[in-house]
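The listed protein sequences correspond, in order, to chains F and G.
The first sequence begins at 1 in this note's numbering and counts up by one.
The second sequence begins at 1 in this note's numbering and counts up by one.
The hints are simulated quantities; they were obtained by calculation from the structure and are not laboratory data.
All C-beta atoms, glycine included, are put in the ideal place defined by N, C-alpha and C.
Be a bit skeptical, because a hint or two may be false.
Claimed, not checked - Taking lysine-lysine pairs in the DSS-like style, the calculated list, with each CA pair at most 25 Å apart, reads:
#	chain 1	residue 1	chain 2	residue 2
1	F	Lys-25	F	Lys-3
2	G	Lys-87	G	Lys-4
3	F	Lys-425	G	Lys-394
4	G	Lys-552	F	Lys-25
5	G	Lys-394	F	Lys-25
6	G	Lys-25	F	Lys-552
What the hints assert, rightly or not - Where chain F lies over chain G, by a calculated footprint (3+ residues, C-beta under 8 Å):
#	stretch
7	21 to 28
8	528 to 541
Unchecked claim - Chain G regions said to be covered by chain F (calculated; three or more residues, Cβ under 8 Å):
#	stretch
9	52 to 60
10	301 to 315
11	435 to 447
Protein chains: 2
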Amino acid sequence: MSKKIVIVGGVAAGPKAACHLKRLKPGWDITVVDMDSLISYGGCGIPYYVCGDVSDESELRSTSFHMVRDVDFFANAKGIEVLIRTKAMSIDRQNKKLTVKNLDSGEEQQLDYDKLMLSTGARPFILPIDGTDLDGVFTVANLHKAIEIKKRISTGQVGKAVVIGGGAIGVEMAEAFTDLWGVETSLIEFMPQLLPNIVDYQFAAMLKTHLLEKDVAVYTGEGATEILGNEEGKVIGVKTPERTIEADIVIMAAGVRPRSELAKDAGLAVAPWGGIVVNNRLQTTDPDIYAAGDCIATTNLITGKQTYAPLGSLANREGRVVGDNLAGQATVFNGVVGAFIMKAFERCIACAGITYETAVAEGFDADYALTAPSDRAHFFPGEAIAVFQLVFDKQTRRVLGMQGFGLMNDSISARIDAAAIMISKGMVIEDFMLAEMAYAPPFSAAIDSINAAAFVADNICAGRLRKVGMDRFLAWMEDFSSEPDWAVLDIRHPLEAEPFVEKFGKENWVEVPYAEVRQRYEEIPDNKTLIIVCDAGTRSYEVQVFLDYIGKTNTLVLSGGMNVTRRMGVDWYPES
Amino acid sequence: MSKKIVIVGGVAAGPKAACHLKRLKPGWDITVVDMDSLISYGGCGIPYYVCGDVSDESELRSTSFHMVRDVDFFANAKGIEVLIRTKAMSIDRQNKKLTVKNLDSGEEQQLDYDKLMLSTGARPFILPIDGTDLDGVFTVANLHKAIEIKKRISTGQVGKAVVIGGGAIGVEMAEAFTDLWGVETSLIEFMPQLLPNIVDYQFAAMLKTHLLEKDVAVYTGEGATEILGNEEGKVIGVKTPERTIEADIVIMAAGVRPRSELAKDAGLAVAPWGGIVVNNRLQTTDPDIYAAGDCIATTNLITGKQTYAPLGSLANREGRVVGDNLAGQATVFNGVVGAFIMKAFERCIACAGITYETAVAEGFDADYALTAPSDRAHFFPGEAIAVFQLVFDKQTRRVLGMQGFGLMNDSISARIDAAAIMISKGMVIEDFMLAEMAYAPPFSAAIDSINAAAFVADNICAGRLRKVGMDRFLAWMEDFSSEPDWAVLDIRHPLEAEPFVEKFGKENWVEVPYAEVRQRYEEIPDNKTLIIVCDAGTRSYEVQVFLDYIGKTNTLVLSGGMNVTRRMGVDWYPES
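The shape of chain F in the complex, shown without the other chains:
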């Protein structure tokens, strides 16, 4: 028995559901409506279009086999009707009718449906400040905006840019402006760090340092208070409490909000913050109406709480689940672990699960293992240090999250993806310790970064490794009087350690090389708390264990070591 399916929204989840359902039920009648004229595009590709890596916007609307996904494509290749420039006005749930309006002709019509799907997406958050409607102020909301932004840059109208918002899109846009176009770009973020709530501050600091190296001016902890314009109504700058920054273009990338008015007006349950409430078959509170993509509320699989996860990859997987369920197959979508990855110039930053900060706030007995291993065999050409952090619950030993930072290649991706799987299944430190990662020297160290991070976590849980928090250590480095009985025990090579001894003095920076500790331990002072410091933290742990054994228990390990502090861009390194 053929059914009539209507889908509101034609970007990601909607077309995916439509195409999948059409393969499951080729005889069903499927209509997609979208307000826009451009549909079914990879919105995540917009920064790469703006920077020029992607030369034409149609590539973002094309299949991998180079056909543009327009109305004709959906009609001819897919057998799906798409009504563009068509706005969904209201849902008559009683009579199962959707009222839609053609935005060009103004005509309204009613579409009957057996099942309805809402994939209405999100809209960018517009800051509640003056000047957001000036000419030259953009959101990264859709392809039309992207086309206009690129036109302005490529025609030489943009010398200076301000990006408001240090989330993924903000950072990607800042890179796009700076890297390929040489635009003088500032990035401002209201919160004290970039990627707030996505990564912990150490990782945000490493990202910020790299952006600064790449000539992006980054101001964290500074919100935009006003966008300034000239008399012609054109943007000329952005004000913060600290400064005024000149700009020919301003990008507002301050997050997105679910587009859920249609659902709310129809009486469907919608979270206070706007996400459409769905069950794990992605059904709304009306069983004949499904929802997926950037408009829904989903579940965080670690906290069990409602969350918002607007991401193209999730929209696609959710769309497929809706397609299955529309066809009568009970596929489920249980929630997300928040797997995240981003390119920033020559670096990659990624995470899965929750941050340490979130874990503490959620009441977990949380701790973290910060490590700085080689991304492949240390003798293999091109090897580089990566930084990983495992967040875990000390009571249950459940791994709650993992973060990674390293060179721009796929090696961070490899570890974060594996971690995402394990975190989504509630796995514990032991699972990470024993995870069998494919090994050869060009791809990993013999002890993979995932295993290594779990070993550190295990040592912490067992009480064998006592560490100092990176925050406390850095605060002390700013002001030794904050912890007057602390000193560093630097076990690195003398060539590395000596400049620090010279700068900070022997009373604050004690040097005994790693391989000599067993012979020279009597030189190590007993009257101070010693922060043991090496490059990555692993030798420091070894030394701590030995010193504990001989009765010197006055030590703390700096996990991640100087590999991490250097990447965080601290200003206390001796000049070389």
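Based on these hints, arrange chain G on the given structure of chain F.
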């Protein structure tokens, strides 16, 4: 209470156990004995040392912080005694004594132990043919051999090389000879394919094609019957049933066998093929004797059967497990999924779990999904096709294995590592469908390759996708009369399809472009079995579903499509 631990074997598992245990029990007395003078090295790095990527062998024996791991290092930095050039002769289990012999002085002594660990490693298999003892015939058994091989190449003594054995080490050595030194290299493998029992034949064929492109002469299905020498006893060539190949050097890389005589002579249980039998705490049949690394038998987590997995990464993880158990912590090592990865020139090949061929042999209701997706967003610069195959059981839907082939970067690694985790936990197709992989265009497609392969597997299990085996299709392409009622339905772009129509004739190669099938389906013949062919197989599936719907059920899909056949190096492509 201090204990005395003796460890036989100082390459990977042994030193790892020793160092880990010393951190857990700093007061214990740990002695490692090894026959060799060079210890604690990354044997997997030998091909990279030979090719020159690694300039000095000491790098393979160094820590990531550039200290050479020699006797002094273990004594001073680790507090562990290492006796080099010392052979373990026999174990007196009753009195817990190990008799060792100094290979230089000939002196024997007895070492008391509370617990003993055997990490005696493996020895290369010496082919039972004439000439294996000729000058210039090498195994890749240890660093000394590697040093000698490199010396001969770098001093211009090697113009032609033959590598016997198409496993990982054989392929890596062939690359080392060819790529950096320009040695004319032949690789011969007795079995019909490279990497036998590791990957299925499609993947082996893609690897072989790439090696041929890189000027390695590859002969599969050809065993060496004799190694030929001149009157001075120097190697001059290798004979196979098909040919004689000249050689200045011959590498025997025909696999390794466990070194387990010591264990066997002591009355410990040893598998008929030589692997020392251990429980999941890595205890031998004597609870005071542990074993780990290349000398043990382990368990294949998919089949549940005994297997052999000599790999540096496993040796390290096993070593840590032994260290834990020696210290009284009941860590377990349950077995392996056989995660494997290898660089071959500009390609990467990897797998986890078992092959389709093995799955069938093991009695699973096995099938496979062969896919050829983009390794990142199709619009992102540098995007390339990867090939993945998911092997699964149709009854239980359990995923049994995954294989990948693509460019030499970490993107195959990312998918195989995630798959290895899921396979090790017995996960099913649904888990792969819903796996949340971190997404951004520089790192993956919006639908990750793992998800995409699982979707195909799901379609196969549900009976929605009927495919032709790649083997049957290729056999038919060799001889159309083998299946006289078959024809291809090519739905690619006409520019791609037409040369094939021209070459093979309209009766064998029917062309209807994908986007026109819904309009032109009446042209599609009913009187033949149609093999639907596109680039990757996804459009073919869509077309099959549509044709089924309109009643044309005479179709089979070529999974993986022409992307796979092209990489397999078939010879029937029209000249371009």
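Here is what the structure says about each hint:
{"no.": "1", "hint": "F/Lys-25 to F/Lys-3", "result": "holds, 9 Å"}
{"no.": "2", "hint": "G/Lys-87 to G/Lys-4", "result": "holds, 19 Å"}
{"no.": "3", "hint": "F/Lys-425 to G/Lys-394", "result": "holds, 23 Å"}
{"no.": "4", "hint": "G/Lys-552 to F/Lys-25", "result": "holds, 16 Å"}
{"no.": "5", "hint": "G/Lys-394 to F/Lys-25", "result": "holds, 23 Å"}
{"no.": "6", "hint": "G/Lys-25 to F/Lys-552", "result": "holds, 16 Å"}
{"no.": "7", "hint": "21 to 28", "result": "holds (count 4)"}
{"no.": "8", "hint": "528 to 541", "result": "holds (count 5)"}
{"no.": "9", "hint": "52 to 60", "result": "holds (count 4)"}
{"no.": "10", "hint": "301 to 315", "result": "holds (count 5)"}
{"no.": "11", "hint": "435 to 447", "result": "holds (count 13)"}
When held up to the earlier numbered hints, the structure conflicts with none and fits them all.
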